[in-house]
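**Student:** So the chains spell out like this:
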Amino acid sequence: MLNYIARRLLVMIPTLVAISMLVFFLIQLPPGDAVTSRLAELQAEGKDVSEAQIAALRARFHLDDPMPMQYLRWVTGFLRGDLGYSIVNEQPVNTLVYDRLGYTVLIAIACVLFTWVIGFPIGFYSAIRQYSVSDYTFTIIAFLGMATPNFLLALALMYLGHRYFGITVGGLFSPEYMGEPFSFGKFVDLLKHLWIPMVVVGMAGTAGLVRVMRANLLDELQKPYVVTARAKGVGNLKLIFKYPVRIAINPFISTIGWMLPMIFSGDAIVGVVLNLPTIGPLLLEALMTQDMFLAGSLIMIMSTLTVVGTLLSDLALAALDPRIRYD
Amino acid sequence: MTDETPMKHPQDINTPPPPDAPADPSETADPGGPPEENTAIFASQWKLMWWRFRKHKLALFGGIVLLIFYFVAAFCEFFAPYDPNARDVTRILAPPKTLRFVDAEGQFHFRPFVYGYEMETDPNTWQRVYTPNHDKKIPVQFFHRGEPYKLWNLIPMEHRLFGVDEGGVHLLGTDQIGRDVLSRIIFGARISLTIGLIGVFLTFFIGILLGGLAGYFGGVTDNIIQRAIEVLICIPQLPLWMALSAALPGHWSALRIYFGITIILSFLGWTGLARVVRGKFLSLREEDFVVAARLSGTPETAIIFRHMVPSFLSHIIASATLAVPGMILGETALSFLGIGLRPPVVSWGVLLQQAQNFQVLAMAPWLLYPGLFVIIVVLAFNVLGDGLRDAADPYA
Numbered sequence: 001m002l003n004y005i006a007r008r009l010l011v012m013i014p015t016l017v018a019i020s021m022l023v024f025f026l027i028q029l030p031p032g033d034a035v036t037s038r039l040a041e042l043q044a045e046g047k048d049v050s051e052a053q054i055a056a057l058r059a060r061f062h063l064d065d066p067m068p069m070q071y072l073r074w075v076t077g078f079l080r081g082d083l084g085y086s087i088v089n090e091q092p093v094n095t096l097v098y099d100r101l102g103y104t105v106l107i108a109i110a111c112v113l114f115t116w117v118i119g120f121p122i123g124f125y126s127a128i129r130q131y132s133v134s135d136y137t138f139t140i141i142a143f144l145g146m147a148t149p150n151f152l153l154a155l156a157l158m159y160l161g162h163r164y165f166g167i168t169v170g171g172l173f174s175p176e177y178m179g180e181p182f183s184f185g186k187f188v189d190l191l192k193h194l195w196i197p198m199v200v201v202g203m204a205g206t207a208g209l210v211r212v213m214r215a216n217l218l219d220e221l222q223k224p225y226v227v228t229a230r231a232k233g234v235g236n237l238k239l240i241f242k243y244p245v246r247i248a249i250n251p252f253i254s255t256i257g258w259m260l261p262m263i264f265s266g267d268a269i270v271g272v273v274l275n276l277p278t279i280g281p282l283l284l285e286a287l288m289t290q291d292m293f294l295a296g297s298l299i300m301i302m303s304t305l306t307v308v309g310t311l312l313s314d315l316a317l318a319a320l321d322p323r324i325r326y327d
Numbered sequence: 328m329t330d331e332t333p334m335k336h337p338q339d340i341n342t343p344p345p346p347d348a349p350a351d352p353s354e355t356a357d358p359g360g361p362p363e364e365n366t367a368i369f370a371s372q373w374k375l376m377w378w379r380f381r382k383h384k385l386a387l388f389g390g391i392v393l394l395i396f397y398f399v400a401a402f403c404e405f406f407a408p409y410d411p412n413a414r415d416v417t418r419i420l421a422p423p424k425t426l427r428f429v430d431a432e433g434q435f436h437f438r439p440f441v442y443g444y445e446m447e448t449d450p451n452t453w454q455r456v457y458t459p460n461h462d463k464k465i466p467v468q469f470f471h472r473g474e475p476y477k478l479w480n481l482i483p484m485e486h487r488l489f490g491v492d493e494g495g496v497h498l499l500g501t502d503q504i505g506r507d508v509l510s511r512i513i514f515g516a517r518i519s520l521t522i523g524l525i526g527v528f529l530t531f532f533i534g535i536l537l538g539g540l541a542g543y544f545g546g547v548t549d550n551i552i553q554r555a556i557e558v559l560i561c562i563p564q565l566p567l568w569m570a571l572s573a574a575l576p577g578h579w580s581a582l583r584i585y586f587g588i589t590i591i592l593s594f595l596g597w598t599g600l601a602r603v604v605r606g607k608f609l610s611l612r613e614e615d616f617v618v619a620a621r622l623s624g625t626p627e628t629a630i631i632f633r634h635m636v637p638s639f640l641s642h643i644i645a646s647a648t649l650a651v652p653g654m655i656l657g658e659t660a661l662s663f664l665g666i667g668l669r670p671p672v673v674s675w676g677v678l679l680q681q682a683q684n685f686q687v688l689a690m691a692p693w694l695l696y697p698g699l700f701v702i703i704v705v706l707a708f709n710v711l712g713d714g715l716r717d718a719a720d721p722y723a
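As given, the protein sequences belong to chains Y and D, one line each in that order.
Using the numbering used here, you'd call the opening residue of the first sequence number 1 and step up by one each time.
Using the numbering used here, you'd call the opening residue of the second sequence number 328 and step up by one each time.
Just chain D, same shape as in the assembly:
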C-alpha cells in the first residue's frame, strides 16, 4: 500500500509538471515539424527530438547562453582581465567603471575606454570616495599583453582578452582588499558551473543504478531501496547538507573539499531520479516490445541496454538538466553560509559571502554581482530543461 502512496520531497512542489503536460495542440498534430513530410516517418528518435527541441526558441537560447558560460569558464585565465587573487591596495572597494565609446565632450571613439578615478578619503566617515576623472581616458586594449600566466596551469601565455596598460579596468568594481570582481566572477564560474555538472553525473550514476536494480529485480531489493529512499527524503535537505559539510575535515585541501561538497550535494539528489528510473523499469517490463524481445530469446542485458534504456534516456537527460540548478544553488547557499567551499577557492557562493556583511554591502552593492550570474545560469538551465522535457517524447 505504501508503495503506491505518493511520497515526494517538499522540493517537488517546485519541479515543473510531468513530461506530457503542456503540449500545445498544434504541436501534437504536427510530428515535430520536419522539413519534408516523408522524412518524419523514417527519422530516428533522436532526430525527431532535435526537430522538436529546435522549435522551442527559448530553450535553444538557454542552451546557447550555457555554452558561452562554459566556454568562458574553460578558458577563464584568458577571459579574466586580472588574476583573481591580484590585489591592488590603491583601489579598495572601487565602484564599477563604465565602458564608454562617447566621451564627456560628446566625441565618439572607436576604441572603447574607461575614465580614471580620483580617490579621496572622507574626513568624517573615513570612507573612500571615488570620482571619475574626465581628463584621464584609459583606452581598453583587446588581446592585451599583461602579466604572464599559465592556461590550465600548463600553457604559458601572456595575452588576455582585454586589459589596460595602467589605471585599471574594473568593469564590475573591486572588493574589500582590492581584487577585481569581474575576474573573480569569471574564475568562480569554473568552480560553480562544474560542481553542478559533476554532482549531476554522480546523481545520475547512483540513481540509475539503484533505481534500475529496484525496478528490474523487484521484491526484496526493491523494498530495501524504496525504504532507504523514504528515510532520506524525510530528512530536511539543508540541515542534512550542513551536517555533512560540517563533517568535512578542516585540513583538507581545496580540491578534496570541492569533491566532498559535490558528493554531499548528490547524496540526496539521487532519490528522485532513482524513483523515476524504477517507475520506468516497472512499466517498461510489461511493454509489448520488451515481452517480444524476451520471447525471441534476446539476452537480458541486451534487453536492458538496447531496448529499455534508450526508451527512457531522454526523460532522464531532461530531469538531469533540471537537477543542475538545484546543485548550483546548493553550493552557493552552503558557501554563502561559510560551510561549503572556503577561500582561497573562488566560487560564486564564496564571493557572495563578502556581501553578507551589511555595512560592506551598503557601501559596495556591486559585490552582489556574482548573484546576478547565479540567476542567469539557473534560469538558463531551467529554460533548457523545460525545452528538453517537452522534446523528450517525440511521439507524443
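Here chain Y stands alone, though its shape is the one from the complex:
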C-alpha cells in the first residue's frame, strides 16, 4: 500500500512539471503582456505614463528576461508557496486567493451537497422503478438539466426573480450588509442568496448524477447474484442497499477527487453572471487581462488539485472496494 502510494507520488512529479511548462507556455501565448494591458487601462483613465515608469514596471516583473528564466522564477516561487504578484490588481496573488477562497469553498460545498442529496435518491428511485411514470419524468428533467448551460439557467433565474418576486438576484449579500462585520443578520442574508448559485451550479451535476446512478444500478440489478439473493428470500431493500448500491456508487468514488479543483475555483461563468466573490471570475479576468502570474498560478493550482484528487479517488476506491488489489 505505502509502496503503491510512493510510486504514484513519484509519477506525479514529471506530470506536474509537464503541466507547469504547458501552462506557462499557454499564458504567454496571447500577444502583449500584463504591463501593456495595465498601461492601456491607465491611459484610458487619462493618466500619463512615462517611459521610465514602463521600464521600471517591466524590470520589476522581469518581463524582459529570457523565457526559461521567467519560467524558473515562477516555478520556484510556486514551490515556496509564493504565487507571484498580480500586476493588474496590484496585489500579491496569495492575498487575492485568500480573500476569495472562503466563499468559493462555501458555495462549492453547498453545490456538492445539493447534488448528492437530490441526485442519489432520484437515481436510486428511477432505477428500482424503471419505466414508471416518475422514472420517465425524472429522466426528462435530467436530460433537460444536462442540456441547459449553467449561465443560461442563472440568467433565467435572475429574470424570473426580478419579474415575479421583485428581488435582485446575484452577489452573496444585500447592499445593506456589504462591508458590515459578520452578524446573525448577515448570516441569514447570506443564506437567502446562497441557494441560487447552489441550484444553478448543482443542476447539471445533479442531472448527470441521476443518469449515471440509474444506469449503474440497473446494470447491477440484472446480475445473477441479485436473482440468487432474491430466490433465497432476502428482503428487497436490504438486498439492494447491501450489494448493488455499494457497487453502483463506485464510479462516483473514482471521480470524487476531481471535485477538488471545482471546489477551489467554483463555476467561472456562473460566478461572472451572478457576480459572486469566488475564484472563478478572478481567473477569467486574469486570463482576459493577461495577468500571467495570477492566471498561471490559478490554473496550476487547479491542475495540481486534479492530479492529487485522482490519487485520492484511487485510494478511496481501493479502500471501499475489496476487489481492487495493488500489485
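No wet-lab data here; the hints were simulated from the structure.
A few of these clues could be false.
Unchecked claim - Think about it this way: if two alpha-carbon atoms lie no more than 25 Å apart in a straight line, the pair counts; the simulated DMTMM-like pairs of lysine to aspartate or glutamate are: (1) D:K464 with D:E474; (2) D:K463 with D:D492; (3) Y:K242 with Y:D321; (4) D:K477 with Y:D219; (5) D:K463 with D:E447; (6) D:K382 with D:D430; (7) D:K607 with Y:D219; (8) D:K384 with Y:D321; (9) D:K607 with Y:E220; (10) D:K463 with D:E493; (11) D:K384 with D:E432; (12) D:K464 with Y:D219; (13) D:K384 with Y:D219; (14) D:K382 with Y:D321; (15) D:K477 with D:D449; (16) D:K464 with D:E447; (17) Y:K223 with Y:D321.
With the hints as your guide, set chain D onto chain Y.
**Tutor:** The following block gives chain D in isolation, referenced to the frame of chain Y:
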C-alpha cells in the same frame, strides 16, 4: 501500474454509462426485432443496428429534430424572414408578436396574421412601450417576395419562406438596435451547428490516429501518448479554452477565428476518444478473429481496416455524437464571455451576449430565446447519442 488506474476527466461524471449498460431484458432476448425471424441471422451488422435503433423512438425523434435544424441552417437565407443585420430603428426592443388565426372579434382567418404595434415612450423612464393595435392586422404571406438576397452568396433569390409587406413580423421580437431575433437565431444556427460537427471531425481524426497508434504499436509510442493525454486531462478545460482563444489575434478575419475556435475546442476533446480507441485496439489485438486473420497471412493494413476498425466504428460514432453537444456548449460559453466568436459573426453564443446585461434582459427577456435553441439541439444530440450507443452493439 498507472496505466491501469482510472484517470478520466472530471467531465466524465456526466457522460452516460458504458455501452452495455441499460439493456432492457426483453431487448436482449430479441435480436433487434427484425420483421422475420430468419433474416436476423443473415442481416449485416449495420442492418441489425438500424433495426435496434429504430425501436428507440426518442432517439429517432432526436435525429429527426436535428435533420430539420441542419436543413434550416443550410438554407437559412430562405427561412429567415429578414437579413440578420438589417436594422429597423423604429422597432427597437419590440416584444415578440404572436402569430394569430383568430382576431379580437373572434373571427377565424385562414391566413395567419400579426397585429401591428403602437409605440410610445414612457415620459418618466424613457422606456419604449409597445401595445398591439387590434385594428391593424398584418397578413403573413408565404413565399413572400422581399429584398433580393443571395443563397450561399451565389444564387440570387428574392423569395423567403414567409414575410409581410409592411409593419414587420418579428415573431421573437427585436434586439437593442432593431434587428429581428428570429432571423438572427436562424442565421446563428449555421455557425453554432457546424462548429460542433467540424470540431468533432477534427477530434475524431486526432483521436483515432493517436489512439490507434498507441494501441497498435504499444511500447514507447503508447507510453508517450498516454502521458501526453494525462497532462492534458489534468488542466481544467475552460481556462485552457480561454487561454487559447485569448491568443487568437484580434485582426483575424471572422472565418479564421471560426476555424481557430473549432480547433481549440477539439484540442482537448480528442483525449477521451483516443483512450477509447486505444483500449479497443488493445483488446481486439488478442481476439480470435484477428489472430486467425494474421495466421492466414492477411496484411496488417487489411487487418486494421477490414477487421478491426469496423468492429468498433459504431461505438466511435456513438461517442462522437455524444461529444457534439459539449462542443456546441463550449462555443456558446466562450462567445457569451466575449472571447469566442465576435460580432458581426452571428452565433447563438454571440446572441446571448446581449442578454448578459441585466438591465437589458429585464426589459427584453426574449433575448434569451437563442438559449432555448441551444437547449433543444443539445437535448436532441444527447438523446440521439443515447440511442446510437444502445444500438451500437447489435449482438449484445
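**Student:** Check each numbered hint from earlier against the structure, then list the numbers of those it violates in ascending order.
**Tutor:** 4, 6, 8, 11, 12, 14, 15
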